[in-house]
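Below are the chains, spelled out letter by letter.
Number of protein chains: 2
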Amino acid sequence: MAVAYQAPESLPAVAGVRLGVAEAAIKKPGRRDLLVIELAPGTRVAGVFTQNSFAAAPVLLCREVLASGTAVRALVVNSGNANAATGQGGLDDARAVSAAVAAAIGCEAGQVLPFSTGVIGQRLPVERMVAAAPKAVADLSADGWIAAMLAIMTTDTVGKGASRKVATSQGEVTVTGIAKGVGMIHPNMATMLGYVGTDARLSQAATEQALKTAVSRSFNCVTVDGDTSTNDSCVLFATGQVGTREIETGDADYALVAEAIEAVCRELAHAIVRDGEGATKFVTIEVSQARSEAEARQVALAVAHSPLVKTALFASDANWGRIVMAVGKSGVAVDPAKVDLWLDEVCLLRGGQPHPDYREERGSAVVAQPEFAIRIALGSGDASATVWTCDFSYDYVKINAEYRT
Amino acid sequence: MAVAYQAPESLPAVAGVRLGVAEAAIKKPGRRDLLVIELAPGTRVAGVFTQNSFAAAPVLLCREVLASGTAVRALVVNSGNANAATGQGGLDDARAVSAAVAAAIGCEAGQVLPFSTGVIGQRLPVERMVAAAPKAVADLSADGWIAAMLAIMTTDTVGKGASRKVATSQGEVTVTGIAKGVGMIHPNMATMLGYVGTDARLSQAATEQALKTAVSRSFNCVTVDGDTSTNDSCVLFATGQVGTREIETGDADYALVAEAIEAVCRELAHAIVRDGEGATKFVTIEVSQARSEAEARQVALAVAHSPLVKTALFASDANWGRIVMAVGKSGVAVDPAKVDLWLDEVCLLRGGQPHPDYREERGSAVVAQPEFAIRIALGSGDASATVWTCDFSYDYVKINAEYRT
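Which chain is which? The protein sequence lines are A and B, in order.
Read in order, the letters of the first sequence correspond to residues 1 to 405 in our numbering.
Read in order, the letters of the second sequence correspond to residues 1 to 405 in our numbering.
The set of hints was computed from the structure by calculation and includes no laboratory data.
Check each hint, because a few of them may be wrong.
Derived SDA-like pairs (lysine to any residue); straight-line CA-CA distance at most 20 Å [to be verified]: (1) B/K398 to A/S364; (2) A/K27 to B/P354; (3) A/K338 to B/Q51; (4) A/K338 to B/Q88; (5) B/K398 to A/A368; (6) A/K398 to B/T280; (7) B/K398 to A/Y394; (8) B/K28 to B/R123; (9) A/K338 to B/A368; (10) B/K398 to A/S316; (11) B/K398 to A/D395; (12) A/K398 to B/A368; (13) B/K338 to A/Q122; (14) A/K398 to B/D395; (15) B/K338 to A/D395; (16) B/K338 to A/Q88; (17) B/K398 to A/I399; (18) A/K338 to B/Q122; (19) A/K338 to B/L60; (20) A/K27 to B/E360; (21) A/K398 to B/I399; (22) A/K398 to B/S316; (23) B/K338 to A/G87.
The task is simple: from the sequences and hints, build the whole structure.
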């Protein structure tokens with residue numbers, strides 16, 4: 001049960017993007033687990049991928065295709081099998097599936113980006129996927145976003161989608177995105193996948209910049225358990241169906257479209273945390289007065305990753321001792337005598353010591369809420385960063401230990 | 001209930017070391033919570049302390065005393081209150097307690113090292129502690145190790161002590177140590193405290209080197225939850241009661257005594273993991289074929305800290321996908337195609353892919369044991385490191401969330 005989040009019932013189409021799904025019975029039958037996203041000719045595509053050294057076969061192929069500058073015409077995504085730790089065979093499997101999709105839509109195999117999520121260490125059921133590929137292509141529709149959102153889910157309890165419309169000098173632009181992921185916590189590793197499309201006519205450089213910036217402020221600012229999947233991928237495609245002039249990063253329209261893209265990514269990233277397995281709380285961690293944004297982020301993540309902080313949040317325990325412990329162990333040089341700490345608007349610490357007016361019940365009231373902010377001022381600079389996380393519940397262990405009652 | 005560990009019923013005395021305890025009702029009455037350790041004149045003392053920026057008042061004073069080169073004559077340790085995040089007042093409190101101990105044994109306040117563990121953000125009950133100090137001094141005895149071991153416990157379920165005797169060219173040397181700690185997981189932060197005494201005549205340099213080396217291979221190689229207390233401290237004192245010549249780091253006797261000190265520290269460190277709150281398994285993580293010991297250690301700790309790996313271990317799930325994920329996200333450059341993985345003697349992965357002979361039931365049989373090893377060969381060098389950790393159980397969250405049934 002996600003924290004204050006419900007899946008969208010519909011998502012606006014993006015001119016130049018068609019989506020289709022089919023059942024390939026990849027992990028088990030009875031589910032549409034294969035997704036094809038077709039992109040209009042001329043679509044600009046950018047992608048960011050996991051930093052994990054054990055990057056899965058499809059991630060390696062995506063990097064290869066994008067580096068080659070080949071015009072991407074389609075994406076193929078499967079749930080139920082991550083095609084990770086599968087070696088050369090896994091690369092061959094992914095190429096075979098891409099080739100089947102390419103044949104069905106009429107392009108080169110090298111113009112298709114493959115993605116996988118699910119069980120690792122097992123080969124893909126290539127025959128079933130190759131057979132299902134034409135069915136997914138036959139299902140292509142501009143209104144396929146919701147079906148696509150559902151097809152890529154693994155342990156997600158809700159589908160995740162978001163959309164924005166923004167008026168530019170060249171007309172109204174739509175940004176629609178879908179994502180899946182509940183933290184790196186599926187027994188066989190879950191994965192964050194994100195696909196964001198816009199009909200804006202972004203240049204290649206603008207497409208890459210917009211994705212990089214949006215991800216750094218959204219997907220890279222959320223954490224459920226601090227682990228990193230072998231398959232994490234996020235792709236932005238700009239079909240250029242709206243307008244006639246390419247939008248460069250310096251243009252006024254760029255700021256408008258980039259902001260919409262960031263808003264969609266942020267909403268999707270928040271949905272992943274809200275759906276974090278076992279999550280009962282959605283917590284914003286704001287670190288300010290740091291020497292640099294990197295240091296602020298490092299401190300915020302140290303707090304967000306601490307099992308002690310997360311279990312206290314689950315217990316609605318305003319345990320500031322654990323928060324200062326996490327700040328102190330973050331690796332960032334911190335002067336305790338300058339550190340202030342708030343829970344929402346309640347000040348707990350000033351200058352590293354308990355605030356004289358602080359009363360336990362005031363802090364407890366804040367952390368008893370399903371959503372609140374931990375705000376830390378380091379007093380050493382003017383940089384800041386925000387991270388979003390969930391609590392660490394009884395059910396997290398229960399689910400991840402596959403506990404059976 | 002600690003994993004395969006029982007507290008010692010007796011601990012050998014160390015010539016030149018006397019220990020005494022008293023009740024100061026620091027957190028609550030009914031418990032001997034104040035410990036004084038008296039050291040014979042001429043005793044060499046070395047200490048290592050937490051790297052947490054929020055180091056507690058007693059840690060700051062210990063660093064000050066040891067840096068000054070003053071001859072240390074006594075240690076005073078209290079449980080029930082960490083004297084952390086207490087500012088200048090906390091420093092004054094610690095000095096007052098040290099002064100009371102100094103007066104009772106007849107030395108300068110500056111010759112006493114103070115230590116605290118327990119609740120943070122609260123001032124010490126100085127009056128009660130000052131009143132109890134002479135009682136603890138009156139209780140001093142060479143046979144006080146067990147009482148001392150019990151006095152410093154907080155959330156520990158068992159006392160932790162270890163001892164070794166080793167024959168040197170100058171006679172038989174005794175090394176006896178006590179420790180407390182169950183991971184950084186007490187609702188108000190637990191702490192690792194370790195005190196190791198020997199009657200060997202180590203030089204100051206040898207004392208410092210022996211402690212540094214022993215801690216780096218023992219206390220710094222165990223992790224329960226990856227958190228770092230504000231009060232962690234480990235002290236080695238060498239009374240020099242055995243022998244007439246000072247032992248320097250180059251001497252043959254140094255190797256013998258240093259090995260005994262390391263063995264005592266390792267046994268104490270393992271006891272802390274075995275008593276890790278909620279722990280049901282004691283797991284050794286060996287990383288070999290790394291470019292450097294630091295990289296091997298970084299990979300081992302990434303595996304040891306992963307909530308996914310730890311919850312799988314609790315479930316007796318041989319989830320190698322989570323292990324390779326943790327190796328891949330460790331930050332160390334790893335070539336998956338060179339990585340081999342074993343559980344004890346069972347090979348799961350060769351060259352980053354599932355071993356053809358591996359069967360799930362063989363891995364499950366290993367991780368079902370209360371003690372086993374995860375062995376990772378990186379294939380990129382000849383350096384190695386070993387880390388010890390416990391699993392992440394249902395009870396960890398239960399305990400840390402103060403879950404009430």
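Going through the hints against the structure:
{"no.": "1", "hint": "B/K398 to A/S364", "verdict": "18 Å, holds"}
{"no.": "2", "hint": "A/K27 to B/P354", "verdict": "19 Å, holds"}
{"no.": "3", "hint": "A/K338 to B/Q51", "verdict": "18 Å, holds"}
{"no.": "4", "hint": "A/K338 to B/Q88", "verdict": "14 Å, holds"}
{"no.": "5", "hint": "B/K398 to A/A368", "verdict": "17 Å, holds"}
{"no.": "6", "hint": "A/K398 to B/T280", "verdict": "15 Å, holds"}
{"no.": "7", "hint": "B/K398 to A/Y394", "verdict": "6 Å, holds"}
{"no.": "8", "hint": "B/K28 to B/R123", "verdict": "14 Å, holds"}
{"no.": "9", "hint": "A/K338 to B/A368", "verdict": "48 Å, violated"}
{"no.": "10", "hint": "B/K398 to A/S316", "verdict": "13 Å, holds"}
{"no.": "11", "hint": "B/K398 to A/D395", "verdict": "10 Å, holds"}
{"no.": "12", "hint": "A/K398 to B/A368", "verdict": "17 Å, holds"}
{"no.": "13", "hint": "B/K338 to A/Q122", "verdict": "19 Å, holds"}
{"no.": "14", "hint": "A/K398 to B/D395", "verdict": "10 Å, holds"}
{"no.": "15", "hint": "B/K338 to A/D395", "verdict": "36 Å, violated"}
{"no.": "16", "hint": "B/K338 to A/Q88", "verdict": "14 Å, holds"}
{"no.": "17", "hint": "B/K398 to A/I399", "verdict": "14 Å, holds"}
{"no.": "18", "hint": "A/K338 to B/Q122", "verdict": "19 Å, holds"}
{"no.": "19", "hint": "A/K338 to B/L60", "verdict": "17 Å, holds"}
{"no.": "20", "hint": "A/K27 to B/E360", "verdict": "18 Å, holds"}
{"no.": "21", "hint": "A/K398 to B/I399", "verdict": "14 Å, holds"}
{"no.": "22", "hint": "A/K398 to B/S316", "verdict": "13 Å, holds"}
{"no.": "23", "hint": "B/K338 to A/G87", "verdict": "11 Å, holds"}
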